[in-house]
Each structure stands twice: as C-alpha cells, then as structure tokens.
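The chain contents come next:
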Amino acid sequence: MSKREQIKSFGIVALIVFLFCVPLLLKNIYWLHILCLACINVLLASSLRTINLTGELSLGQVGFMLIGAYTSALLSLRMGLSVWLAMLLGGLVAAAVALVLGYPILRTKGVYFTVLTFLVAEIFRLSMWYTPSLSGGPAGLSKIPAPSAINILGITAITFATKSAYYYLLLVIVLLSLVVLFRVERSLGFTWMAIRQNDSLAESVGINVMGYKLIAFVVGCFFAGIAGALFAHFMHLLTTDVTAMFGMLMSIYVVIYMVVGGQARFAGPIVGAVVLTLVPEFARPLKEYQPIIFGALVIFIIFFMRQGLIGLPYYLPLWWRKALGYLKKMPLVKVRLSQ
Amino acid sequence: MFGIPVESLVQSVINGFALGWIYILIAMGLSLIFGIMGILQLAHGEVYMLGAYSIYFFSVTHGLNFFTAMALSMVTGLMLGLILERFFFRPLGGELLPTIMIALGLMIVLQATVTVGFGVTPKSIPSFAPNPAEILGIMLGSDRLIAVGVSIAMILLLYLFLKRSKYGQALTAAAQHREASLLIGINPTQMSVIAMAIGSTLAAIAGGLMGSIFPINPFMGGTALMKGLIIIILGGMGSLLGVVVGGLILGLIDGIAPVIAGPAVAAIAPLFIVTIILVLRPQGLFGHE
Amino acid sequence: MLETIGLTKYFGGLAAVVDLDLNVHQKEIFGLIGPNGAGKTTILNMIAGSLRPKSGKVVFKGEDVTNLPPHSRAQRRIARVFQANTVFPDIPVVTNVRVGFHLHSEIGFWKAFFGGKRSTDSQEKLLYEKTMEILRLVGLYEERDKVATSLPHASQRILCLAIALATEPSLLLLDEPVTGMNAEEVAAMLSVIRVLRDERGITCIVVEHNIRAVMNVCERIAVVNYGRKIAEGSPGEISENPAVIEAYLGVDEDAI
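Protein sequence lines correspond, in order, to chains A, B and C. Numbering-wise (our numbering), the first sequence opens with residue 1 and increments by one. Numbering-wise (our numbering), the second sequence opens with residue 1 and increments by one. Numbering-wise (our numbering), the third sequence opens with residue 1 and increments by one.
Worth double-checking, as some hints may not be accurate.
As the list claims (entries may be wrong) - Not everything, but these chain A residues come out facing chain B in the computed CB check (under 7 Å):
{"no.": "1", "residue": "57"}
{"no.": "2", "residue": "104"}
{"no.": "3", "residue": "302"}
Hints in this document: simulated from the structure, not taken from any laboratory. All figures in this text were calculated on a predicted structure; none of them were measured in a lab. For glycine and all other residues, C-beta sits at the position ideal for the given N, C-alpha and C.
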C-alpha cells in the first residue's frame, strides 16, 4: 500500500475506535440519541447514493424505509418474532418490493424516474395511513420492542435498555452496511459509471443496463429498509402522519444529506448526514429555520461547491488563492503577500 | 345511488369540478415550464402558496380591497417567477439533477419561510362573495363559481395568446421542438422567461382563488404540486387541451371518489393511475420525444 | 453471416422499413445507402437490437437474434458505432475504450466483492495492453489521457470506433462513420475500416450519405428508398442503376 493509503487506513481505524469510545466520554443521553439518528441518516444517505451511481435520483428511499420499519415492527410486535430476525426481514421485504417494482420503474429515466419514485413512496405511505389495522391509525404503532439480549457464552448478556447500548448496535450495523456498500461499489462501480455516462453506449458494448440498474436499486432499497427497521426498534413508535418520518420533507432531507456531503465520493453522504444531523443540535433555538437553512445550503452547494463538503480540501486552497488574487488587485492595500 | 343523497353527491362533484379548474391553472404553468425549459419546476406549488399568502398579507393584514390584493398577488407571483428563472434556473443551463435539487431546496426554503413568518395554523381570507347562488335548484358557493369563471377566463386568455400573438406562437414552437425553434431564430432564454412569467402568474392567481374559498396553510403548495403533476401526466403535456382534460378528470375523481369509495381510494387511486401511465410510457409524455 | 429476412417496421402509420432482405457475407465490407429518411438507420437499429421489427427476422451466423436486446447482441460479437458522437463524455479516452472490454472482464461479483486488489490486477494489466493496442491501431494513442469531449469531432468518431472494437466483434455496424469529416479524415477512417477487415477479419456494414466514401470502400452495396431495397450490387453496378440515379435526383451531382 502506498503511503497515502496507509495514512487513510490508519485514519479510518482511528476514527472507528474513537466512535466506539464516544459513549464512554459522553454520558448525555440526548446527544447519544442524536448520534443514533445520525447513524440511521448515514445509512439512508449512502443507500441513496448507491442508486445515484447509475445516474438516477430516487425520491423514494423513505418509502422503502417505511416498508422495512413496518415489516420489522409488525413481525416482532404482532407475531413475536425475534427482533434480530424481524429487522433482517424488514430489509429483505423492502428489497423484494424493490425487485418486483424495479423493472417497470427503471424503464423510466431522469425526471420521470424521480417523480415515479416519489409517487411510489407516497402510495406506500398513504396505503399505510389508510390501513389502521397495520399502522395503528393516527396514534401509530407503539411499544415496538427492543432487540433481545445477546448472550455471550452464558456469562453476560448485552441488553438494549440504554441509549449507549443502542448506539453501539447502530454503529456496528451501520458500519457493516457501509463495508458491504463499499465493496459492492468496488465491484460494480465502474460499470455503473459507464451507465451513468451514457447508457445506450454501455448497452451496445454488452452491459446489461437494466440488470445493473436493478442491482443498484435493490441494494439501495435493502439498506433503506434496514435503516427503517433500525429506526422502528430504536424509536419504539411509528406513525405515518404526513409531517412525520416518511413524508416528503424526509425524502428531500436524504437528498440534501447526499448532495451537501458530496455525491461523487463514498464518504460524501456519510459526512453530509453526520454534519446535518449533528450541527442543527448546536443551534436548537433555530430549529424552525432548519428547512430554510438546509434548502439554502443545498442551493449554495450546487452553485458554488458542487463537490460537496467532502470537496473542501479542494475548495479551500482555491478560494484562498482567489481571495489573494483580489487582494493583490486592490491598489491601496500594501500588504506583503507571501504568494 | 349507492345510498347517498344525490344532493351531496352533486355538491361533491361540483366542489371537485371547481377545484379542478384551479388546479388546471397550476398544471398549465407546470406544463408550459416543462415544455419550454425542460425543467420540472418543483417549487411551482410554493409559488401558488405564496400567491395565496400574498392575498392574505395584503387584504387581511393590510386591509386592502380583495381585488387590489389579488392584483398585487399576481405581481408577486410574476416577480417570483422571474427571479427564480434568472438566478436559479438559468445558470444551470438545464442540467437535470442539479435543477431538481435546486427546486427541492427552493421548495423547502419558501415553505419554511412562510411557516416561520405566518405560522402553521390555517388562515382565512374573508370571502368577497359570501352569498351562495342558486342554479338549477342547487345551492352553489358564489366563490366557487367565480373561481371557475376566472380560471376559464385565464385559460382562454392563454389560448388566445398562444395562438394569436407572436410570442405565443414562438412559445408553442419552442415547446414542441426545441432545436427547430432555435434554427428559426427563437431566443430560448426569452422563451424561458416568458414561460416562467406566465406559469408563475397563473400559479399565484390559482393561489388567490383557492384562498378565497378555503383557509390557507403553508403546506398547500405540496398538495397543489401533486395535483399539478397528476394532471399533466394524465393529460399529456403537449397541449392546453390535454391539461384541461386531465384537470377535469382529476376534479371528477376528487369529487366522486371520496363519496363513493372512501378517502383511501380517493387519495391513492389518482397516484396509482398516474404511476401506471408513467411506467407504460417510459420515453416521456411528449409524443415526439 | 448476417441476414435480414422480410424486415418490416412501422412508426405509427408510417412505413419506415418494408420487407427488407439483406445478405451480408463474412469479411465483407457492405454498404447501405439511400436518400435521407430512407430508413437506413432504422434498419441498423433493428440489426443492432435497439428496435424490434414489426415482422421479419434478423439472423446472425445462423441464429435468430431478432428479439435479443442490444447487450445480448454485443455478447454475440455484433458491435455498433452510433450516428452521433456517442462516447462516455467525462472520462479519458483510455477509460472509454476500457469500458468496451466489459464483456472480457467479467470477474464475477463475489470474487470482486471479497477479493482484494490483487485478483483484479492481473486482468487489468492485460486489458490495459489490449486498450493500448486498439488506441495505436486507430491513431488515438497520443490522446489517450484526454477527456473524451475535449477531442475534435473526427477524433471522437474514431473513439466511437475504438470502443466498439474493444468488444472484439465479428460484425461491425457503422452508422455514418465519416459524417462531418474533411477529405483527409475520411480517408483515414476508410483505411482503418479496411485494416479492420484485412487484419482482423471483421465484417462491416457501413451506412452512409457520403456516396463517394461508400463507393470507395465497400465491395457490395444495397440501396434503399422509402424503406424498400431498390438495388444491390457492386459499386459499379449501383452507379449505373437507373432506379438508384432516380432516387438521388436532386442531390448534388458530384456526390455520385
């Protein structure tokens, strides 16, 4: 491995160790809760990016998140299934729905695809809303159980009664998911890139475009489903109210996480989700301005920082040089500039 | 029929019908903008919503006469449309995904600004025609009749503009075949400006009309955008007539379905139908694309 | 090698291609010409797989491929060079051609998933060599690191050809390969086509407007008008065929 790659790997390992140490340093339950939500958002944003790698923007991730959440919640609540199994099934059902719907949906492209994914997510949400027997009506589905304890060789058990336990659970699952997504991108990313650049040309050199797009779509929706299942068992309550988790605003937020963080790099959505989940918490009184700030932020990023936050190492020197350039041109500024 | 009094069925149909016309105004703007600029103006619903809130602002908060407020609201819509085109859509040069993202950003900014400024609770604008009229023995709200009347008038005006005026014809040409229209010297930027101007003004008018019938809230834009999308998908985007037909169909469904089939079907059926249409025509909604 | 039997295609009520029979022999350079709108590209689309005919068959090496999608046809070594400049815009020339090797680089999903970099490295080296070979053949070696869209028009056409070559085709469909090129560039492209046939045994079907170019490089030519074949034969026979001359009446005289 080259020096650069060594530093990168070391950095990632150090980061992960740090993440595991956080609950030991931070005893504040509220912040642990926020960190947990950040983990879920990271998974959502990354799953969106997977689909985006084929060149399409899906506004339907929350729909599959909803499927994963309700499948897992209902299986564990109503049928007494182990939460571990239920969560996995939540993801699998979301993936299955994506597989079945994927072929017709992926025949569309561009803005039609985006609108279609949004409509499909809305249909899911409304179907749940109007099926109170499943969704619990306006009051929602409550008392969704926590994952059952993990027995370690009968000596001790890891229970999920505390926020820090949840934090570790989410951290581990999300990290594993990211590893999977990363490796999938490593094997299929080049082909996806070709499809993104020019899909009819890709088809003519033998790439089964529909097949590859379908894989991206199903994988992306699987992890959206897992994120939903994690959410359900973490919040213990689900509602399909339009202003709650599974509506248009959340769909847009997921896109914003990905775009503000940086679409082009794997770590982009991760950075975007973490920053945009954590930073608002430092400015709690501004909570009702949040959509304004987020909206303005994504517009700013598109116009001035297309690569996203992850592109800062590229932008900062650029802006610095530009700023120096302007300063030099000002006649009254007599500053000795080193560059 | 279905054990429901005819009277309330008719009322529902008429309600749906009236609302349909208002939504047609929105869909018309959306269709024009998509046809000329190739952009799905997702913040269009918020322009409509701002049109409604402008009326509230001018008439209720500032005590202006309703019609003055309506005129000012139209100007607001027009200005907003021009600003959006010039500063947000033009610089992108039609790039697909960035445009969608900008529109989404604008959507939430505008919606949240109104939420912060006016609050979430619905506001009422005192009706300018509170007395119901009686037609054929059925009581109809005068405001609804006027709304339909104004909508139809706007649509006719638009039709005349597109058919008779030089700019209107250029607009039609640009919508139907972008490359060819460039070859005959039509300025695409000018066309985009006109499209956004007309579309946004119509949206503001629609907002005003809706505000005169129903209480307004900051989230009404989302509903309107959805209706607009459904209409243009149902009716196809190539023609004015298509939008009108699509709007009437949706109005009918919106009117009858809740009474006959319940709120679930009423909410989901239009989405479902439109999804099927989109899937069966993956190449798009303009016949020649 | 490639046969079309009774190929027919309607667009709405318009008959684009009617009852077209073609028989292209192995290692032939076969031309398909006709006035604008005669249906040449539609025919090519049906051979390449991006359109399905209303009736009729496309038979390649004895196999009926009429209903196969384009990527399956590529698997059977039918490659296509599109009409416009169809490249992968934002990536360098060398990567463009590398994509063409997709069919030859199937590593298998699981191996790539679990394997480290080493399992793909040796294959990458081989494909890199092959890419360089193609770039040298078509004359794009010097430009290999330039982004595709920064190339001049003629070079982009050649890049399209290079990408198609990466699939190691036995049949190459060229849709207006020399459109928009000056005399020098046309000559260069034509000589490349000849080399492909002579050195690699690739059968070529050339659809073109530039009649001089077609007469120059093709051994047999079919002429279509209004979707029907009106003549077929050697360049000499075609240029004297009265039906052909009539079809082209109104076209500039020095085109024939």
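Which numbered conditions among the earlier hints are violated in the structure presented, ordered from lowest to highest?
Every hint satisfied by this model.
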